[in-house]
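Here the protein sequences line up with chains P and Z, keeping their order. Sequential numbering from 1 applies to the first sequence in my numbering. Sequential numbering from 1 applies to the second sequence in my numbering.
Check the hints yourself; a few may be wrong.
With a straight-line cut-off of 27 angstroms between C-alpha atoms, the simulated DSS-like cross-links for lysine-lysine are [what the hints assert, rightly or not]:
{"id": "1", "chain 1": "P", "residue 1": "Lys103", "chain 2": "Z", "residue 2": "Lys43"}
{"id": "2", "chain 1": "P", "residue 1": "Lys42", "chain 2": "P", "residue 2": "Lys103"}
{"id": "3", "chain 1": "P", "residue 1": "Lys107", "chain 2": "Z", "residue 2": "Lys43"}
{"id": "4", "chain 1": "P", "residue 1": "Lys39", "chain 2": "Z", "residue 2": "Lys43"}
{"id": "5", "chain 1": "Z", "residue 1": "Lys76", "chain 2": "P", "residue 2": "Lys45"}
Using C-beta positions, here's what the derived DEER-type ranges look like [unchecked claim]:
{"id": "6", "chain 1": "Z", "residue 1": "Val27", "chain 2": "P", "residue 2": "Gly68", "range": "29 to 35 angstroms"}
{"id": "7", "chain 1": "Z", "residue 1": "Pro103", "chain 2": "P", "residue 2": "Gly30", "range": "17 to 23 angstroms"}
{"id": "8", "chain 1": "P", "residue 1": "Lys107", "chain 2": "Z", "residue 2": "Val5", "range": "34 to 40 angstroms"}
{"id": "9", "chain 1": "Z", "residue 1": "Ser84", "chain 2": "P", "residue 2": "Arg18", "range": "45 to 51 angstroms"}
{"id": "10", "chain 1": "Z", "residue 1": "Ile57", "chain 2": "P", "residue 2": "Gly30", "range": "18 to 24 angstroms"}
{"id": "11", "chain 1": "Z", "residue 1": "Ser75", "chain 2": "P", "residue 2": "Thr69", "range": "41 to 47 angstroms"}
Honestly, the hints are just simulated from the structure, not real lab data. Backbone N, C-alpha and C define an ideal beta-carbon position, used for all residues, glycine too.
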Amino acid sequence: DIQMTQSPSSVSASVGDRVTITCRASQGIGSRLAWYQQKPGKAPKLLIYAASTLQSGVPSRFSGGGSGTDFTLTISSLQPEDFATYYCQQANSFPYTFGQGTKLEIK
Amino acid sequence: QVQLVESGGGVVQPGRSLRLSCAAFGVSFSSYAMHWVRQAPGKGLEWVAVISHDGNIKNYADSVKGRFPISRDNSKNTLYLQMSSLRTEDTAVYYCARAFPDPYYWYFDLWGRGALVTVSS
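With the rest of the complex left out, here is chain P (with noise of 0.2 angstroms):
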């Protein structure tokens, strides 16, 4: 199985923040990487796939970057809706394998 995982674990900034969460991949998995937000109580919300294509309807100040085992996802002005979980998960192989998650909380 290919094993994600994420840094930091977890994360405390303040609003209009820059702030960057590295995935890396246990092997290679090209592109197929995607990014999810999650909020307490909710399900989870596809953000960013193909490592840097911006799902429909997300805010631009989410991007996404990187190939191969090492990913990131930038938020490049915190705003208090994006205080919540980030995920990353690979799509490159069965069994599909999450990163553990990187809490984002406020300072």
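Mind docking chain Z on chain P? Use the hints.
Frame of chain P, contents of chain Z only:
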């Protein structure tokens, strides 16, 4: 309104069975592959199973293989997960999710609200 609605969750004893359903509304259900994804309390996301749009292709996580067959009834716009030989570690919120982009299985673009399954004696 486009939505997925899970049902069938509850409290069940170890070793018993439970069937989850996921009804699709406002979507062309028969055109899409569908997934189940679960989340144990306070934990991360775990992919469980996928089924192709026509039900002919299925794939499972090792943790549920042989215990949780996935199926669908396109005439009823409904996805199922038949859970048997349940274990305490199967306790989780179970989400159904639509595969994206069509016709691939790769990502999950539409999610239900989830159904809580608690396995406890």
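Numbers of the earlier hints that this structure fails to satisfy, in rising order: The structure breaks none of the hints.
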